[in-house]
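Asker: Now for the letters of each chain:
Protein chains: 2
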Amino acid sequence: MSRETDDLELRERPEIEEDLEDFALSEDYSLNPDYVPMVVDALDRGDADRLRELLGALHPADIADLMGFLSADDREELVPHLDPEALAEILAELDTEIREDVLEHVPSAILAKALGEMDSDDAADVVDDLEADKRAQVMAALPETERAAIETTLAYEDETAGRLMQREVVAAPQFWTVGQTIDHLRRESEELPELFFDVYVVDPAYKPVGAAPVSHLLRAQRDTSLAAIMEQITEIPVDMDQEEVAYIFDKYHLISAPVIEPGGRLVGQITVDDIVGVIQEETEEDILALAGVSDAGRDASFLGVVRSRLPWLLINLVTEAIAVTVIAPFQPMIAKIVALVLLMPIVSSVGGNAGTQALTVAVRAIASKELNAANAARIITRELSVGLLNGTAVGLILGGGLYLWQHDLKLSLVVLLAIIANLFVAALGGILAPIILDRLGRDPAVSSSVVVTFMTDFFGFLALLGIAALILL
Amino acid sequence: MSRETDDLELRERPEIEEDLEDFALSEDYSLNPDYVPMVVDALDRGDADRLRELLGALHPADIADLMGFLSADDREELVPHLDPEALAEILAELDTEIREDVLEHVPSAILAKALGEMDSDDAADVVDDLEADKRAQVMAALPETERAAIETTLAYEDETAGRLMQREVVAAPQFWTVGQTIDHLRRESEELPELFFDVYVVDPAYKPVGAAPVSHLLRAQRDTSLAAIMEQITEIPVDMDQEEVAYIFDKYHLISAPVIEPGGRLVGQITVDDIVGVIQEETEEDILALAGVSDAGRDASFLGVVRSRLPWLLINLVTEAIAVTVIAPFQPMIAKIVALVLLMPIVSSVGGNAGTQALTVAVRAIASKELNAANAARIITRELSVGLLNGTAVGLILGGGLYLWQHDLKLSLVVLLAIIANLFVAALGGILAPIILDRLGRDPAVSSSVVVTFMTDFFGFLALLGIAALILL
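So the sequences go chain by chain: A and B. With the numbering used here as the guide, the letters of the first sequence map in order to residues 210 to 682. With the numbering used here as the guide, the letters of the second sequence map in order to residues 210 to 682.
Read the hints as simulated data drawn from the structure, not as lab findings. Values in this document were obtained by computation on a predicted structure and should not be read as measured data. Fair warning: there could be bad hints in the mix.
You can't tell identical chains apart in this list, so a pair holds if it fits in one copy or across any two.
Below, a list of computed lysine to any residue pairs in the SDA-like style, where the Cα atoms sit at most 20 Å apart [stated by the list, open to error]:
(1) Lys460 / Glu294
(2) Lys460 / Glu403
(3) Lys322 / Ala544
(4) Lys619 / Pro541
(5) Lys460 / Asp482
(6) Lys578 / Ala437
Throw the hints in and build the complete structure from the sequences for me.
Answerer: What follows is the structure, encoded as structure tokens:
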């Protein structure tokens with residue numbers, strides 16, 4: 210596919226800087242695939258000027274994107290050409306496994322400088338990716354305050370509010386007026402976070418009692434008190450799981466929220482742009498888990514990909530090997546009625562399909578907290594009824610088709626009953642497996658598929674062959 | 210499961226308002242399942258006072274959530290108890306199918322009042338859900354300006370930037386100073402959107418040339434010109450697909466972005482909180498499509514659920530019926546070597562699994578624009594190598610296990626070769642089907658599964674039985 214780009218030389222090549230910027234991105238703002246070989250070409254020729262030009266036309270997020278399309282070797286060659294200021298932004302954007310790879314090729318001193326430019330949460334993420342040796346070197350090269358901030362952030366558990374938050378917040382006492390607050394902000398301009406959306410109003414113990422959105426500060430009269438314009442806040446405990454944090458942001462349409470310590474003291478804030486990443490990450494995890502893949506990441510090595518998939522294939526091999534044992538006692542019957550050999554895969558496949566449908570819907574409903582004790586009975590009843598009706602519909606069609614072909618009413622009846630039974634089992638497994646796994650505190654996305662596929666294969670074969678034995682023999 | 214809540218009467222029931230608020234939400238801020246039967250009970254008793262108390266303790270987003278847990282009948286009874294101001298917020302939060310149901314029970318006059326309280330994008334969404342008769346009534350009851358705003362929004366295609374944006378924006382000319390801008394905002398306070406994050410800087414033709422984040426306005430000195438503090442903007446064309454808009458927001462960590470008409474004029478803005486919903490919606494679509502379910506929504510009726518699943522089951526039935534035809538010519542051999550009957554489902558199941566893994570990863574990579582012409586050749590090569598290696602590993606384990614049981618070296622060899630062949634086909638289909646479907650302009654999530662499952666079943670049976678015929682007969 211990348212061969213298509215070989216004739217690039219024949220097309221007009223954009224040379225002027227403005228043209229380059231236009232050329233770099235496709236209409237949908239994704240990186241233009243044709244841009245990648247231009248960078249690779251400059252790397253191959255060791256043309257530092259051309260590289261500076263090419264990289265200069267890109268936003269750091271696009272350079273991060275570009276790195277994802279390069280081979281590991283090309284990426285390694287590119288790193289020294291990155292200017293140290295851009296490096297901070299690029300590191301914050303990169304996927305973990307590419308970042309780990311890039312970090313190996315950045316000297317500790319330059320890395321320390323880049324970390325100094327980053328928000329505390331992003332800097333901590335990068336440090337967390339470093340190997341022990343390098344981490345010690347880099348931390349030693351950091352100024353005391355930044356080192357302390359990173360260490361504090363890293364002390365919180367991964368995937369919690371503490372790791373997600375930035376420690377930089379703007380807070381003001383309740384009794385201040387809008388005018389006092391704006392004057393303070395103008396004075397302290399240098400110390401403020403680059404962007405903020407709320408001024409948190411705190412009591413004398415530094416506990417947040419409300420938030421004044423900056424757009425309200427801007428339009429209020431100078432003598433209005435903060436207490437008069439502040440809004441209710443939703444406090445995020447520092448140890449809350451990031452998935453819960455994302456749920457709260459989504460539900461209440463929050464732009465930012467204060468993070469508090471167990472005692473209630475304000476320690477940081479989370480902003481919605483961090484949440485967008487979390488939502489992507491969490492649903493991605495669900496999608497992959499449902500397909501039986503561990504997340505190997507965008508640029509996983511060949512062995513990384515094997516490791517992310519082989520275990521699931523082996524689990525599937527074992528459960529399927531157990532499921533087919535149910536066929537063994539029926540072998541003599543199958544040798545006599547060979548049409549059953551064609552029907553077995555159909556019954557198990559349709560059952561597996563129906564089970565996947567039910568469990569996917571259930572897993573998502575649980576993840577978005579739309580399925581719980583309050584409506585479980587109603588949803589389970591609905592799923593089982595759907596299973597029976599779909600089973601009847603599919604069974605009648607398959608049985609009918611079979612009759613036109615074989616003119617064997619009994620065989621058609623066997624198929625009809627087997628499909629109904631298996632789609633009922635599929636519905637039962639598809640809805641109950643995720644609910645039960647969730648109650649047991651397991652992630653329903655991870656193991657539901659294995660359970661349900663086993664059920665629909667085992668019972669599919671058993672239903673078809675058992676009913677055949679009863680009716681046909 | 211909901212039976213668990215029957216003993217609620219025995220527990221202490223929170224009566225005081227503050228207690229109710231605490232009781233209403235679980236620790237993770239989701240609605241407490243025990244709250245639902247309390248509402249149902251008050252509905253059954255027709256106790257309007259108690260209902261007002263119960264609903265008063267909830268945020269509108271939680272009332273919307275509550276409605277999802279109620280049966281259609283209970284919901285219908287609840288609607289008249291909702292106060293008209295809260296109704297606007299609740300309607301904006303409800304899932305489409307519940308909203309359609311609720312809208313039927315709200316009188317047109319009350320609805321028109323509620324629409325007046327909503328942002329233009331939310332109001333248009335609600336109007337779009339109304340049936341023709343009611344829509345005409347409601348629109349007639351709206352003030353002229355609001356009706357016009359809703360009509361303009363509805364003129365944009367569904368799922369585009371135009372439908373997502375709010376028409377309310379704050380714009381200022383380039384030559385204004387920070388002080389002039391703040392004074393203007395204070396004067397026009399009544400006319401401004403409730404929340405905003407950027408003041409768009411526009412040229413005389415009302416084309417946006419930059420954006421001043423409100424936090425920068427707050428801390429800049431009054432005599433600074435807007436041109437000096439404004440930042441680069443990413444303009445969103447009004448007809449851009451919402452999926453692209455979400456991609457841009459995610460990539461550049463945008464909080465808000467100006468929406469422009471074809472001529473370049475500023476017509477509205479999109480804010481990141483709208484994008485969180487879009488991202489949820491789009492990944493949800495992918496998850497469901499991969500599982501072969503159309504989105505029936507949280508509260509779909511029994512028949513709605515059947516409609517969302519049966520067509521996919523029937524497609525699966527047809528493709529599977531075609532796949533098994535490959536078995537027919539081998540029936541005499543199967544009657545002789547019945548062990549093949551046990552091996553067929555294993556070979557096809559492991560193949561299906563490997564295909565699902567590969568295609569899920571590919572579909573996600575395409576959706577997040579991480580797979581395109583620039584790296585397709587590398588990714589395809591990687592997938593095929595993974596298929597061969599995983600096939601060899603699984604084949605050796607299955608073949609080895611089979612040998613321990615049957616002591617038939619030739620049969621084990623057949624299984625080994627069949628698994629390698631099928632996992633190679635799975636890798637080929639899993640990576641090529643989504644890429645080709647995407648090139649053809651189809652959604653790769655929707656039909657890839659069908660194609661790949663067909664391939665792994667067809668070739669799985671063919672490989673096993675064909676190789677068996679060559680080696681064993």
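Asker: Run every hint past the structure and note whether it holds.
Answerer: Going down the list of hints, with the structure as the test:
1. Lys460 / Glu294: between (37 Å within a copy, 19 Å between copies)
2. Lys460 / Glu403: Classified as between; 18 Å across copies, 26 Å inside a copy.
3. Lys322 / Ala544: Cα proximity of Lys322 and Ala544: none, with 74 Å in one copy and 73 Å across.
4. Lys619 / Pro541: Result: close within a single copy only, 19 Å intra versus 23 Å inter.
5. Lys460 / Asp482: both (15 Å within a copy, 10 Å between copies)
6. Lys578 / Ala437: neither (35 Å within a copy, 46 Å between copies)
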